[in-house]
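Full structure from sequences and hints, please.
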Amino acid sequence: MTGPVFDVHDLSVYYGQFRAVRDVKLQIFGNEITAFIGPSGCGKTTVLRCFNRMNDLIESARIEGTVEYHGVDLYDRAINPVEVRRRIGMVFQKPNPFPKSIYDNVAFGPRIAGMKGDMDEIVERSLRRAALWDEVKDRLKSSATGLSGGQQQRLCIARALAVDPEVILMDEPCSALDPIATGRIEDLMQEIKAEYTIVIVTHNMQQAARVSDRCAFFTTEVNELSDTRTGMLVEFDRTETMFSNPADERTENYVTGRFG
Amino acid sequence: MTPLDVTTLHADLCGRTARQQREAVIRIALRACASLSILVSALIVLSLVREAWTFVSQVEWSALVEDGWFPRRGIYDIRTLLVGSLLVTAIAMVVAIPLGLGTAVFLAEYAPPLARRILKPALEVLAGIPSVVVGFFALTWISPEVVQRLRDGTPQSNVMAAAIGVGILTIPLVASISEDAMRAVPPSLREASYGMGARKLTTTVRVVIPAAVSGLVAAFIVAVSRAIGETMVVFIAAGATGGSLFTMDPFEPGQTMTAAMAAQAAGTDAVRGAALTFQSLFFVGLLLFLITLALNLMANRFVRRVRQQY
Amino acid sequence: MAAPMSRFAGCARQRDLRGRRIDLGGGLFRVVLLASLVASVGILAVLLVDVVNGGWSVLSTRLGDFLTGVLGSRPERSGVFQGIRGSLWIAIFTIVLAFPLGIGAALYLEEYAPRSRFARIVDVNIRNLAGVPSVVYGILGLAIFVKSLRGFTGGNTVMAAGITLAILVLPIVIITSAEAIRAVPASLREAGFGVGATRWEVIRHHVLPYAAPGILTGTVLALARALGEAAPLILVGATTGFLGGGPGSLVDLGQLTERFTALPIIITTWAGRPQEGFRALTAAAIVVLLVVVLVFNAAAILLRNRYEKKRR
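Chains as they are written, first to last, in this note's numbering: chain V, 1 to 260; chain Y, 261 to 570; chain R, 571 to 882.
Warning: the hint list may mix true and false statements.
What the hints assert, rightly or not - Footprint (simulated), chain R over chain V, 3 or more residues, beta carbon under 8 Å: (1) 108-117; (2) 159-165.
Stated by the list, open to error - What follows is a list of derived Cβ distance ranges for each label pair: (3) P684(R) <-> M119(V): 29 to 39 Å; (4) G16(V) <-> G275(Y): 40 to 50 Å; (5) G275(Y) <-> S143(V): 45 to 55 Å; (6) M119(V) <-> T638(R): 17 to 27 Å; (7) L306(Y) <-> R647(R): 23 to 33 Å.
Just so you know, the hints here were simulated from the structure itself, not pulled from any lab data. Small disclaimer: the values here were computed from a predicted structure and weren't measured. Ideal Cβ placement from N, Cα and C applies to all residues, glycine included.
Rendered as structure tokens:
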């Protein structure tokens with residue numbers, strides 16, 4: 001892969017007048033797992049949602065700066081967010097399967113995207129990639145809401161994989177799950193890394209250390225005049241460096257558990 | 261990525277497909293649906309003002325102060341109708357407010373959950389009883405059983421029976437809005453009161469009801485608006501469809517603004533009579549529209565105040 | 571000594587804590603409230619009983635005739651068929667016009683432009699329209715659909731009435747549908763968008779199915795309301811006397827541009843007739859109307875309560 005998948009320059013995100021995160025500069029590289037870490041409220045999820053234009057769903061949200069995807073400015077006026085989201089998928093914090101059957105959950109994306117091919121095959125392939133096939137292959141028509149939390153989240157991953165994206169964004173995907181389910185998803189991430197680029201927001205430092213290739217550490221700073229907090233990027237480097245020999249003192253304090 | 265690939269990717273990401281075009285068309289169609297309501301309001305105002313203006317500009321002012329409302333004969337004493345409407349509304353509120361409020365307080369504060377789960381839907385279903393039914397009931401039961409017993413010699417069609425009917429019709433509305441207002445009062449207020457050793461009566465009357473007062477006022481205003489706008493009960497039970505002399509006696513037949521409009525239009529040929537008969541209909545309609553609009557705007561303000569509080 | 575003293579004090583404290591055995595004021599208040607509830611429900615119950623009682627003689631002896639007979643001067647031979655037909659047409663107009671337009675408006679307000687100035691104006695507008703007396707909608711119908719658009723509707727016809735009533739119930743459909751759509755969880759929409767669906771695709775495949783029970787409730791309530799209204803029909807010129815021609819088929823397109831009547835109008839007319847037999851006849855017609863309206867209302871409310879419970 002030549003060049004980064006995402007290249008972010010001087011990104012600031014505003015909700016109305018309030019600046020939620022400022023001056024973010026980082027790159028996401030292909031077939032790697034990049035983790036956004038840091039305490040709550042420092043803009044990790046906000047930045048993540050910029051990568052697939054999900055912030056568009058919030059009325060008052062706007063950005064300054066650029067987010068480039070393979071050299072294309074994602075926020076160019078002419079860009080259609082629907083096409084962006086087909087290529088850059090997302091898994092959310094709380095599993096949110098559609099109240100439909102397992103089959104229809106996975107098939108929905110491909111159907112509306114008009115994907116050619118045998119739908120049964122696409123569904124099976126996606127469920128296998130998400131390590132869920134064996135558990136649900138006999139009950140594809142049953143409701144997705146009958147699955148356990150961990151299974152639902154893997155179903156959401158299968159759903160995201162079904163439209164054949166290049167990138168998968170994960171917003172704290174394991175925070176609502178028990179440790180065993182969390183472990184399975186972490187294993188899954190390592191397995192699919194070879195074919196996808198993954199960006200994960202996580203509160204769990206140990207998870208970031210276990211799973212990611214690169215880390216971006218965010219923190220907040222207080223705006224004295226308005227008594228609000230704005231998030232900012234502190235440091236962005238390979239994971240081993242971030243955890244063993246970080247450049248910034250704040251990073252070191254965080255990863256050694258002195259705060260956060 | 262070579263520059264050429266970037267261009268291709270950019271084009272892909274812009275995606276001018278049939279899917280996108282369909283989205284644009286649907287969005288326009290739905291916006292048209294939403295705009296329709298504005299069109300309706302405009303049409304209502306237009307229809308009323310156009311003919312009402314003809315009436316106002318051509319009517320002889322003497323006709324307006326002559327006694328009684330007899331549009332087919334060219335007598336348009338609007339006071340008769342206004343007083344009629346007021347009388348009916350006042351009596352209706354005397355019936356509806358105590359019963360509706362009492363029901364609401366009971367349901368919100370005293371009723372066990374099981375009773376509430378049955379009674380509240382029951383009240384909502386009863387709110388759907390059409391006004392023609394209540395009108396018939398007013399004429400054939402309330403009038404003989406209640407009104408004529410109250411005062412001998414009352415004719416079967418009288419304002420009192422109709423007004424009681426309108427009141428009955430409005431009870432579910434008052435009960436529903438008041439109950440919602442009281443349920444909106446946070447439990448913490450009640451708990452604070454009990455915590456100080458107050459009994460239920462005190463808590464309800466001196467804590468909950470004052471806290472819910474915006475919603476209760478809204479309920480009252482909405483009820484008044486509904487009563488003023490009620491047509492069929494008066495049309496069927498209050499008589500005086502040909503016209504009415506000015507009267508403040510509820511034990512006589514009478515007319516309200518609404519029933520006058522219906523009486524005007526009823527009959528085998530829509531609207532006939534002296535020169536401005538047709539236009540008088542619109543004049544009354546405009547007055548009615550303005551009155552109920554003012555009341556509804558007031559009520560909305562109180563409802564918004566409730567929402568702001570909690 | 572300490573022990574006997576504390577026992578005495580204990581008794582006094584117990585008495586204090588128990589308080590007044592009989593809370594007279596509170597009890598009376600409760601009784602008054604209960605009485606108002608009983609009176610409210612009771613009056614309406616008396617109404618229903620009286621009406622069913624009154625109509626029983628007709629319903630029990632000649633129900634079939636009654637439902638298929640036409641308006642006439644003699645009570646023994648009159649029936650509500652033409653009223654049923656008129657009301658049926660009104661129901662059709664409501665379903666065909668008010669439902670799609672109302673749901674479409676609600677979708678636009680909640681999904682496409684939720685916090686815009688346009689939405690706020692439309693919202694205020696709809697709330698005001700919901701409070702406009704039905705007789706004023708009748709005036710709208712008279713001025714526009716009977717007079718101005720005479721060429722299209724044919725004047726005092728069921729088409730003019732149907733459109734008028736559809737407009738009358740439009741605010742109800744919009745308000746209840748908007749509420750149902752608002753109740754759809756944001757996470758469901760996000761999931762749809764996240765997979766690359768367009769706004770309409772999210773609405774069609776996820777929002778509408780989820781909100782369907784609530785929307786259905788609103789539309790059934792609107793229908794019940796439309797069927798019970800009489801004032802607008804009087805203004806639009808529903809026939810209160812006789813309606814020419816025999817029964818004919820229940821619905822056929824030719825009727826659209828003819829004179830018409832509806833159940834509530836028949837009730838109004840018969841209520842005003844002094845002849846003895848008409849009293850029972852009116853009550854019977856009322857029972858027919860009530861059965862339809864109350865069943866619809868009850869169905870809508872049951873549906874709403876069931877689906878609220880399920881979703882919790």
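Do the hints match the structure? See the list:
1. 108-117: Since three or more residues must qualify, the claim that chain R covers the stretch 108-117 of chain V holds, with 4 doing so at under 8 Å.
2. 159-165: holds (count 4)
3. P684(R) <-> M119(V): 29 to 39 Å: holds, 34 Å
4. G16(V) <-> G275(Y): 40 to 50 Å: Between G16(V) and G275(Y), where Cβ atoms are some 30 Å apart, the hint is violated.
5. G275(Y) <-> S143(V): 45 to 55 Å: Given range 45 to 55 Å: violated, Cβ gap about 33 Å.
6. M119(V) <-> T638(R): 17 to 27 Å: violated, 53 Å
7. L306(Y) <-> R647(R): 23 to 33 Å: violated, 45 Å
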